[in-house]
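Build out the structure end to end from the sequences listed, making use of the hints.
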Amino acid sequence: MSGLAGAVLFVVLAPVAGGLLVGADRVVTARMQGRVGPPLLQPFYDVGKLLEKEARQVNPVAEPLLLGHLAFMALTGALVLGGVDLLFTVFVFALAALCLVLAAGSVASPFSHAGAERELIVLLATEPFFILMLAAVCKVTGASTFAGVLASPVAVAEELPGVLLAFLFVATVKLRKSPFDIAASHHPHQELVSGLTSDMSGRLLAYVHLAHWYETALLAVFVVLFFNRSVPLGLAVFLLAYAVEILVDNSTSRAKWELVLRSSWAVTLLFSGGNVLAVFLLGR
Amino acid sequence: MAAATAGPGSLLPALTVFLVAFPLLAGVVLLFTTAPSVRNVIVVGASTVVALASVAAAVAFGNGADVFYGLPGDASPQTAIFIAEVAIALFVIGIGLHYRRFLAPALALAQLAIAIWLQVGGHEPAPDPSRLFWFDRLAMVLVLIVGIIGPLICIHALGYMRDYQRSYPLIRGRRTAFFFLLFLFLSSMFGLVLSNDLPLMLVFWEITTLCSFLLIGYTRTPETIGYAFRALNMNLLGGLGFSIAIVLLSGRPGGLDLARLTAQPAGAVLLPAIALLALAGLTKSAQMPFSSWLIGAMYAPTPTSALLHSSTMVKAGVFLLLRLAPAMAGTEVGTLVAFVGLLTFLFVSLVAVTEQNTKKVLAYSTIANLGLIAGCAGIATPQTVWVGVMIVVFHAVAKSLLFLVVGTLENRLYTKDMEHFDGLLSRMRRVSILALTGIAGMFVAPFGIVIAKWSAIRAFIEVPGWEGAACLLIMAFGSALTIFYWGKMLLKVLSTRAVDPGERALEERVSGFEWFSETAHAAGVVGVAALVGVISERVVGPYALGAFHAAPRTFLDVSPAMLVVLLASVLFLPALGFWAWRRRDYDQADFYASGRQAGADRVVGAALGGTREITLRNYYLEGVVDGGLVFRVGTAVCALVLAAMVVVPAVVRA
Amino acid sequence: MSFFRRSPWILHYDGSSCNGCDIEVLACLTPLYDVERFGVVNTGNPKHADILLVTGSVNERNVEIVENLYRQMPDPKVVVAVGACACSGGIFARAYNVQGGIDRVVPVDVYVPGCAARPERIIDGVVQGIAALEGKRAAMAAGRRRGALRPQSGSQPAGAA
Amino acid sequence: MKRTIVPLGPQHPVLPEPLVLDLVLEDERVVDAVPTIGYIHRGLEAMVEKVEYTEMGFVAERICGICSFMHGMGFCASIEDIMGVEVPERARWLRLVWAELSRIQSHLLWLGLGSDAFGFENLFMHCWRMREEILDIFEATTGGRIIFSVNRIGGVKRDIADSELAGIAERLRALGERFAEIARVFRADPSIHHRLAGVGVLPAGEALAAGAVGPMARASGLATDTRLLGTHGYDRLDFEPVVEAGGDCLARVLVRLREVEQSIDLIRQLVDRMPKGDGQPIETRVRGLPDGETFMRLEQPRGEVVYYLKANGTKYLERFRARTPTFANIPAMISLVRGHDLADVPNIILTIDPCISCTER
Amino acid sequence: MDGERFLARVAAYRADGWRLSVINTTAVLPSDELPQGAFDISWSFALGTRLEHLRERVVPGEEVPSVSPSFPSAFLYENEMRELFGVDVTGIAVDLRGQLYRTATRVPFSPGAIRRRLEATGRLGDGARHAAKPQPRPTTEAGA
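Residue numbers (the working numbering), protein chains in the order written: chain A, 1 to 284; chain B, 1 to 654; chain C, 1 to 161; chain D, 1 to 361; chain E, 1 to 144.
Hints should not be assumed to be uniformly reliable.
[Unchecked claim] Calculated cross-link-like contacts (lysine-lysine; reagent style DSS-like; alpha-carbon spacing at most 25 Å): (1) Lys416/B / Lys360/B; (2) Lys2/D / Lys416/B; (3) Lys315/D / Lys157/D; (4) Lys276/D / Lys360/B; (5) Lys157/D / Lys276/D; (6) Lys177/A / Lys256/A; (7) Lys256/A / Lys2/D.
Simulated from the structure, these hints should not be mistaken for laboratory data.
The following block contains the structure:
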């Protein structure tokens with residue numbers, strides 16, 4: 001049962017890969033800033049530390065919701081690789097994000113609350129794209145599962161160049177990279193303090209980090225969908241795209257939420273919408 | 001498709017008469033019952049009977065082949081229909097003149113003229129007395145919705161109206177009339193969903209219009225009277241369309257037989273008539289440009305809203321559209337109906353994100369979901385019709401629950417403003433859990449509506465040409481907007497804060513009627529989610545197969561493992577929540593506030609000395625989305641599409 | 001093995017400093033000194049922090065803020081007083097609104113002298129803070145093993161139960 | 001209608017110093033802002049009662065750790081003015097070298113903090129990396145990075161050798177080239193313009209009415225620069241005040257960018273025009289006790305500072321008052337916050353380059 | 001002090017395009033002539049390179065009108081005068097209600113508070129002698 005194996009593999013390996021990627025991100029960022037930067041394994045040290053530390057809870061609902069966030073994020077990837085209908089995973093993906101929003105927004109702190117509202121806006125900005133993207137992939141390949149897409153003779157990236165471009169944009173928003181780090185920034189000097197995570201401490205914060213690693217790995221899986229003819233090529237493209245994200249992260253200031261919403265929607269509508277329209281009109 | 005005269009189906013004629021007559025009778029009794037205790041007994045008793053009767057009808061139907069039947073003894077209802085039409089018209093004319101509003105009387109007069117021309121002029125063929133009613137799986141679904149959710153709402157109203165009269169002592173208590181109207185509504189809905197004869201259906205159609213008119217205007221303030229007339233005008237316009245469709249169809253043999261009309265291959269039927277019937281369906285289901293009547297209806301007492309939104313009225317609209325789906329398949333009318341529905345879904349969802357009044361958000365959400373159903377009916381493939389019926393089911397339960405919960409909140413907190421619901425989980429725990437169930441039912445994976453939406457996207461992928469791309473785009477953006485406004489509401493419900501005993505006591509004063517009704521609803525939401533496979537495989541799937549002679553590809557075909565995973569994950573969050581609830585090691589006063597937290601929940605040291613309470617408000621996309629403008633633009637766009645829908649078939653066929 | 005040694009996160013609060021030490025604390029993050037090499041992150045949020053760096057003395061008004069921030073940090077945590085003012089009130093000890101060093105409000109684990117404290121000294125102070133942090137973590141872990149309750153971090157919830 | 005209340009500060013990562021605003025928001029639009037300060041107030045002006053005037057300069061230096069040199073210089077100049085002390089020529093020039101270096105240091109520091117506030121961490125790092133070079137010069141010439149204690153009443157404590165001055169000019173020339181790259185980013189980057197252009201616009205008339213000073217006023221088109229008085233030796237240098245017309249956050253950034261360039265040029269002029277020769281006197285010995293009062297004005301990086309000193313013929317001054325530039329700029333800043341987004345608030349606060357320590361003393 | 005005439009002179013500065021540069025208060029210690037002590041307050045206005053001062057001596061309890069009609073931004077100075085010195089400023093545009101600094105010592109710069117501190121350090125003699133000396137009254141001064 002390769003589907004089950006894929007799902008288990010994702011659950012086990014995705015955090016490792018995601019953590020390493022985040023660690024590499026921090027090193028490369030530091031180099032771009034003229035610094036040496038932390039060790040590559042720093043994200044693991046951080047999460048390990050957080051798990052050891054006391055968790056100060058301000059309400060009874062945050063922890064279950066954060067566990068839900070982590071679990072659904074892992075589940076999304078597991079469902080994708082496990083061979084469940086791709087279009088359906090987008091709803092579980094949204095549910096995972098929603099759990100995070102609710103965990104942050106259930107707290108009395110205005111910073112946390114504003115972070116939650118902004119994350120909700122991020123969700124509003126990116127959700128249309130993910131629905132469209134998966135629908136378009138299913139449309140051009142005629143498949144409905146990850147394995148089906150990989151087995152399809154159609155080269156997805158060739159059919160959906162606009163969607164791929166839009167993906168790179170939306171991934172920046174989803175990864176909370178500058179200029180779209182509105183809800184919670186990697187860098188501490190944000191007007192919302194720590195935004196979403198302002199009131200999370202100890203293991204609660206560790207869950208958020210872990211889920212972020214899963215999310216990063218999930219985005220890599222999505223890139224592979226575009227390069228279905230060659231998985232290594234897809235992963236290579238993902239790494240390249242991530243490098244570009246780091247560069248962008250380091251060469252822009254933080255945008256305001258209106259711009260995030262407007263630009264994401266515009267990109268989704270123009271690039272992926274146009275691409276999807278072309279696919280439908282050309283009648284594949 | 002022969003009329004069944006033997007077997008379990010033979011009970012159906014009697015049950016049909018009972019379902020129409022009994023609520024009517026109960027209503028009349030209630031009209032003359034002023035003692036609250038007696039009223040309680042009658043309402044609970046009648047509701048139980050209605051619910052049992054509807055279940056009995058479903059059992060009698062037995063999920064078999066479609067059943068056609070007439071009145072017991074094959075009585076002809078033609079004269080009664082005519083009398084009812086005249087009475088309705090006269091009532092509208094009278095009340096319109098009384099309030100000096102003349103559009104409604106004019107529309108009623110036009111309908112009256114048509115009725116007289118048809119009946120007195122003898123232009124209408126006599127109905128086949130053995131095919132007056134049509135019981136199939138779709139009718140069964142609606143009978144169960146009307147027959148179970150409707151009575152639960154009536155029971156809820158017992159508790160609600162008591163508090164409502166206390167909250168608004170200036171509004172003259174006319175609870176007798178209120179309960180009469182509720183039961184009349186149920187009666188006419190049963191008639192409507194079971195009618196096979198179009199003139200018969202029109203009578204019930206107009207009675208529901210009248211009922212909603214009277215319920216919306218219940219408080220008789222100038223404001224509600226205005227909204228009531230808006231609802232009346234728009235629905236009468238739809239009714240007029242219905243009448244004209246009857247005129248167009250009456251020349252054809254069997255043209256007024258709904259089952260025969262829709263069973264004909266697409267394109268063979270008189271498209272202008274289908275378009276006019278679709279117009280009626282769109283007005284009743286409050287699609288743009290007719291959405292404003294349903295928003296205005298929010299000023300009525302909340303059980304009215306629950307009834308209008310879940311089991312009656314608007315469901316009648318989409319019911320008719322779903323019935324027409326086979327006839328619309330692949331036609332211009334179908335495409336245009338689909339786009340009226342889908343554009344309404346998109347525009348109204350966009351408006352909903354700017355709305356702070358909870359009832360209005362619920363109303364916009366209803367219109368959006370109905371838009372989706374209309375879209376599915378218009379696209380008219382087995383898959384989309386499957387989706388449409390599934391949404392009808394899931395939406396009815398969840399939305400009714402939400403309205404009832406908001407009604408309870410409204411009577412406790414004296415506001416419908418979402419912003420004042422924060423800390424709800426601490427203040428009113430049971431109510432919040434009910435609210436959470438309802439909201440989850442509306443949009444959280446894996447509840448039914450999400451499954452339906454996912455199937456809709458799947459179905460739209462198969463739609464060829466630009467229409468498919470447009471449908472997908474609308475679904476993508478509309479779904480995201482849905483998450484946004486429900487997410488905001490969840491934020492309010494899920495927030496916790498310290499409460500004093502006085503606030504805790506609020507919940508204790510909620511009446512048993514309300515608890516019972518809401519709990520039953522919540523069980524229903526969970527129940528239909530758990531039974532999604534059964535509902536799909538046993539009822540909705542076969543219906544789509546019957547209507548289109550092609551089986552829909554449902555989620556079970558695609559990925560059966562999904563269902564297991566999802567049902568397991570539904571239990572995940574509540575279990576975690578329960579575990580967390582029992583813990584005590586949290587400190588609400590310990591929130592981050594730039595070092596200014598002042599030792600109490602939500603209180604910080606103020607800039608100018610002393611302390612200050614933190615308040616939090618959701619975002620309403622001010623400066624990005626202008627709700628009013630979007631509503632007007634949507635109305636205009638949909639009006640154009642609608643005009644095209646009515647005009648195009650006539651032109652194309654000419 | 002403990003991760004605290006590798007991932008000490010800092011919260012910096014400016015008591016009533018003249019900016020001199022504040023700026024030097026910030027300078028520690030920047031390329032020349034780059035304390036992120038040691039996993040140090042300037043969090044800006046007490047809930048994420050392990051080490052509270054305070055510059056400047058306490059005065060009438062910020063005394064409650066320093067206390068609030070300290071209380072809000074999850075255990076284990078240490079306090080590093082940076083600069084003469086934070087240690088003792090410094091040159092301003094005699095000013096009418098200054099109460100003295102921050103050890104008047106919160107327990108200080110490491111004192112970093114200087115006016116202004118140099119970045120090298122601040123880094124040294126943080127390193128000493130990490131050692132103290134490790135000690136507190138070990139004590140906490142031992143306490144947990146003995147089955148003792150974790151240090152109660154706040155009052156019982158007022159409601160919501 | 002319900003609104004969101006945000007307690008911004010005193011502890012907030014974008015505010016390097018405690019400043020408190022109670023923000024009232026709709027969505028993220030600020031509809032009201034209630035300010036307060038007082039978290040840093042030490043009461044150092046009252047220390048004149050306890051600290052002799054000869055020592056008070058060291059307290060004055062610690063009004064603020066960013067413009068500490070300027071504060072020491074202003075204090076000494078005030079006493080010199082009251083006592084009629086003639087400062088040696090060399091000391092005047094040297095003071096200006098350090099003063100303009102302080103301006104470069106302060107502006108680089110601010111450009112970094114400003115970029116951090118609008119989420120451009122990389123720029124922050126590069127600005128501060130350059131700033132370290134100025135600190136190196138300070139350390140080499142005074143022994144201190146932040147607080148130099150090099151000013152004395154009657155002159156300065158240390159000389160800078162001519163060769164060293166030439167080296168400083170050369171280092172600054174090289175720095176200027178690298179600074180040009182960073183300045184180009186500030187001037188051209190669209191994401192920075194998105195955050196700053198048109199945000200927090202202070203028209204010239206309002207700037208005047210609000211008593212704005214320094215880069216804040218100059219960014220609104222007011223050519224106010226206390227250096228134009230020609231005091232402290234500025235009359236020997238050629239320069240025009242840096243004025244921008246925009247009045248928005250971007251204009252305030254541009255003014256500071258150009259002022260860095262201007263100060264590099266001024267130091268070059270100083271090194272060129274200073275009478276050469278090591279071993280010149282740098283300090284006049286001061287005798288007696290001051291008696292009298294003075295208003296002394298000086299252009300700090302943040303704008304005009306006004307010292308008021310009143311002496312009464314004893315060792316202890318009767319009154320010492322420093323009206324620092326931030327004190328003058330805060331009212332305008334608060335009026336700008338209203339109507340902007342929460343995300344703009346840090347930019348508006350930071351583009352006045354607030355020094356709360358100066359303000360509260 | 002004559003409030004109306006004073007405000008008229010302030011308004012004239014505003015009309016001529018001057019900006020308010022600083023308001024400075026100096027406490028005058030109690031003496032035989034001034035048993036309550038007094039405040040020397042100067043309002044300084046700047047235009048180009050010029051700096052001019054208005055100066056008034058008021059006794060504690062005497063009302064000082066706010067210059068906010070002409071210079072609304074004076075509120076910080078005026079709140080400070082009231083909070084740190086105890087000058088009775090009336091009509092401040094943004095009244096921070098004594099919450100600007102919230103000092104440990106109430107009105108730390110009032111003549112009484114200063115005297116108490118000087119007494120505590122044994123330096124009262126010097127200060128009092130000079131406070132009684134006649135004040136130079138510069139009203140206009142160019143430059144600094």
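Each hint, compared with the structure:
A C-alpha spacing of about 9 Å is found between Lys416/B and Lys360/B, which places the hinted pair at or below 25 Å, so the restraint holds. Our distance criterion of 25 Å between C-alpha atoms is met by Lys2/D and Lys416/B, whose separation comes to about 13 Å. For a cut-off of 25 Å, the pair hint linking Lys315/D to Lys157/D stands: about 21 Å separates their Cα positions. Taking the CA atoms of Lys276/D and Lys360/B, the gap is near 82 Å; set against the 25 Å cutoff, the hint is violated.
Pair hint Lys157/D plus Lys276/D holds up; C-alpha atoms about 18 Å apart against a cutoff of 25 Å. Using a Cα cut-off of 25 Å, the hinted pair Lys177/A and Lys256/A holds, with the two alpha carbons roughly 13 Å apart. Between Lys256/A and Lys2/D the alpha-carbon distance is near 23 Å, which keeps this suggested pair within the 25 Å criterion.
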